[in-house]
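There are 4 protein chains.
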Amino acid sequence: MKVGFIGLGRMGQAMAARLLGGGHDLVVYNRSRDKAAELEKNGAKVAGSIAEACKGREVVISMVSDDKALTDVVKEISGALDKGAIHVAMGTHGVHVLREVDAVHGKLGQKFVASPVLGRPEAAAAGQINIVPAGPADAIEKLAPLNAVMGRRTFPAGTKPEGAAAVKLGNNMLIGCAIEAMGEAFSLVRKYGVDPAAFYEVFTDGLFSAPAYKVYGNIIAKELYSQAGFTTALALKDTGLMLAAGLAANVPLPSLSVYRDRLLAAMANGDENCDWAVMARHQARAAGLDK
Amino acid sequence: MKVGFIGLGRMGQAMAARLLGGGHDLVVYNRSRDKAAELEKNGAKVAGSIAEACKGREVVISMVSDDKALTDVVKEISGALDKGAIHVAMGTHGVHVLREVDAVHGKLGQKFVASPVLGRPEAAAAGQINIVPAGPADAIEKLAPLNAVMGRRTFPAGTKPEGAAAVKLGNNMLIGCAIEAMGEAFSLVRKYGVDPAAFYEVFTDGLFSAPAYKVYGNIIAKELYSQAGFTTALALKDTGLMLAAGLAANVPLPSLSVYRDRLLAAMANGDENCDWAVMARHQARAAGLDK
Amino acid sequence: MKVGFIGLGRMGQAMAARLLGGGHDLVVYNRSRDKAAELEKNGAKVAGSIAEACKGREVVISMVSDDKALTDVVKEISGALDKGAIHVAMGTHGVHVLREVDAVHGKLGQKFVASPVLGRPEAAAAGQINIVPAGPADAIEKLAPLNAVMGRRTFPAGTKPEGAAAVKLGNNMLIGCAIEAMGEAFSLVRKYGVDPAAFYEVFTDGLFSAPAYKVYGNIIAKELYSQAGFTTALALKDTGLMLAAGLAANVPLPSLSVYRDRLLAAMANGDENCDWAVMARHQARAAGLDK
Amino acid sequence: MKVGFIGLGRMGQAMAARLLGGGHDLVVYNRSRDKAAELEKNGAKVAGSIAEACKGREVVISMVSDDKALTDVVKEISGALDKGAIHVAMGTHGVHVLREVDAVHGKLGQKFVASPVLGRPEAAAAGQINIVPAGPADAIEKLAPLNAVMGRRTFPAGTKPEGAAAVKLGNNMLIGCAIEAMGEAFSLVRKYGVDPAAFYEVFTDGLFSAPAYKVYGNIIAKELYSQAGFTTALALKDTGLMLAAGLAANVPLPSLSVYRDRLLAAMANGDENCDWAVMARHQARAAGLDK
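Chains as they are written, first to last, in this note's numbering: chain Y, 136 to 426; chain A, 136 to 426; chain W, 136 to 426; chain Z, 136 to 426.
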């Protein structure tokens, strides 16, 4: 398929490389061109502008870092995209911006699919991410061969693009809630003289034998907060998207507020660049530990 | 080993049966004697009183339903138990009662181990429960052959009996927090038109591929609240033990409070006998769904 | 009226003095007799036992420090009180103990009124406390002349004694919520460079020109936490009664949980003997202030 | 003084009328000119554009409904205002927009003061509002004669404009927290059979004898939610400014989140146009009342 790809961060590069490997005709664009070097070597054409990366493409994928970046690129994308062509936004975006982008493309007879992904760059490189597309059914169907090479599984989330954002944000919210809950539970057992490593074994060997609990439980048990996989500051930004999604649909989210307030405590006390599991440290402090 | 076993509910029967099967010399006691019939048939001696079930035993296991029941039986147990013998409380108990029971046995030169278990009756019958003992190191060592036939794995939680309670309560708290978080996330995605079953697939296929999320996520997605595995009322009682443990050690537990308030809403609105995952229904109502 | 009075703490002494001053025939009892000296000088008879303070009295008032103390004295009171006579519990008690005490007196044909008071010892000495009686209508009516000399206003709260407890606890809960809210607001304005004293002036001069905000707002603005009017530890004990009242009636109380968790943070970090307004310090710390 | 006044809603009209009555030289502007008729009759000059209302004025007051409106007008104001002249934003605004507006004026050598007010239109008409200015000290001093005729008291909140916003938002947050707390307390006493009117009397006669509790307590006790003084929808919008202020300064605000979630429940269940005290109804529902 003729595909344009805009945004070559670590995730974007990995996903674009999968498309190349799958035999698709790929034009890529990134603001700083050096990120495209590896892909160019492997056969991708490198465009000098967003418009060039969109012209004549059946599908254009954007993988940009936040809502502002999406708003910035969508003007050029929509200006250059053919009628009937599809723009797939695969970054993590808020519901408001997706509605706006959908309206822009709709007016021009273009199709828009929001399609956030779950997984880290290593998973993307291995084609092992999960993909959650939402938008017009025919567009999602058309994307199937692309999703097949980029991901291990596709989870269609309905016909409204913002539905895909709700799924991605809901999933991330579950992670934050789990970290906060672990922080509370760890501080409780510690105050009763229990070795955190022992508690970690109990829950990860039982009902919580899943990556969210193993990865973050390990960070908390060993206090490995300085090696950030995802920082407090980024996690806080993510909660803004969740709150906005809850607001737009009138959904109270009390557990989100609990962990968001914890992130703010971490920010206020110098841990903005730590892994967001550092929430557990601030719960521990409230419990009189880890001064 | 010469073992006494007090309390033959579903869990107790299954665990006692494992001990019998493991070749131990077992005397059992239950207030209503009929619960002992099956065990008697398989070789257990049935005692007519708690004292009779304790006399001359190296280890006496109690598996009773709550703190009041433990307080009730401990007088007779301590009165009949030999000096140096071990009482193992394997029910889910609060930190206060464990301290009291520990003091009672301590004064009489008896040993006390709190050893809550994780798992359902079916797991107990198959020797697949997890066991969390805390108490004197030599006592825990002595219990090893018993734990080996009753459980699949043992997680020592230190030398203070209440540490085991903290672990069990902390683990259960993680479940409640996970259910509440799922309730919030499901209500969010539903308001954006996403099929709950699709959202369930996303998170259980990824970071949350663990029983807590699969079992309770499935109940929520399909609204199977009337088939209670663990009722709202029992879950609420459990939160009382957690709050008390937090209070005794000065540990704020904000996520616990969020889900406890949700349980109270369920209680107040007629769902006391539903599965406690019915919390999700009351979150949904707050979000304007499921009137 | 022939009145017995049990419990001569600071509040009890002040209230009993008012009854004496109002011309009532008073027999008083306190465990440590020296607290009765002043009253004896002014004409009260001092009883050597609770029973002696109850015999032949039309009304016996108990003013004891907590639920345990009430449970302890009620056995003797009920054993000595005449049929038809009234026991008025004027301390702050939980709903459970009031139900139990009510049942004890009911079986013996005695009447029971729960009648907590609002106000400090100085207000009690001046007859300026507010009184909230709940119980049988005829009993409350009979108490009118006593309440008239002890308080400035009486607020009947229905025919069930625990209703009076709910009112008192509800009122105290409002105080705790107000302190927590002020703590949050003060930390917010401080982070924007606003002098706490200036903010204090704004809200107390406007919609919050009431003692709860003036007294506690002043403590927070000036950080006068070491002069405890009511300690963190006592406030935390009070929240236990509120939680129990909410539990018994299935009422979620999320704002209570927020400030209760804050009290626990204060307890865990060495401020158990400070004024409970010290909650604001722990909110400030979570916001990166007052390390 | 030569004053320009932009934004003639109910508050703006009342405040502008006070300035006229105080003998100031007033040019007013409003998008729909008819709102200016009464002021014109009383001697104000009506400008045909914002620029006209700013030219040659020493002070220009804006009193517009929200942040978007402020952003819209500030371009024209700053374009027309003399160097050294003062723009005073007296509406309720968020900290971000105030920073932006401050920067715009700063670059042009103009002065900016944020000066939100507390009080309703009737109080404004009577010169009885409270005024909270923050900005350069000399500018605030210069405004004194204007504030003297518009308000009953001025509370300077430092030299940073956003400090004034923090004070106003902090004050409003206290109201929301008080309403939520009352909602919880009312539902508690009701479940114990206490007449809401009786509970209202208790707290408003004691520590809470202040407008916030009298006004909103009365609405809750009598369920007068349909006569909205301030709607759920507007209150929710206000919480957005508070959350943003907390975020920008890293301040966790857990009590805010509790009442904000309650507002969302009211929005989700059809009460967006009710008085925001309707929060109490949704707390009552969670407690099984008011179905």
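Note that these hints are calculated values from the structure, not bench results.
Source: prediction; values computed, not measured.
Incorrect hints may have been included.
DMTMM-like mimics (lysine to aspartate or glutamate), calculated; alpha carbons at most 20 Å apart, straight line [stated by the list, open to error]:
{"no.": "1", "chain 1": "W", "residue 1": "Lys242", "chain 2": "W", "residue 2": "Glu193"}
{"no.": "2", "chain 1": "W", "residue 1": "Lys426", "chain 2": "Y", "residue 2": "Asp330"}
{"no.": "3", "chain 1": "A", "residue 1": "Lys295", "chain 2": "Y", "residue 2": "Glu407"}
{"no.": "4", "chain 1": "A", "residue 1": "Lys242", "chain 2": "A", "residue 2": "Glu257"}
Chain Y residues, not near chain Z, derived (Cβ > 10 Å throughout) [claimed, not checked]:
{"no.": "5", "residue": "Asn353"}
{"no.": "6", "residue": "Gln362"}
{"no.": "7", "residue": "Asp396"}
{"no.": "8", "residue": "Ala400"}
Glycine included, every Cβ here is placed at the ideal spot set by N, Cα and C.
| message | Are any of the numbered hints broken by this structure? If so, which, sorted upward? | response | 2, 3, 4, 7 and 8
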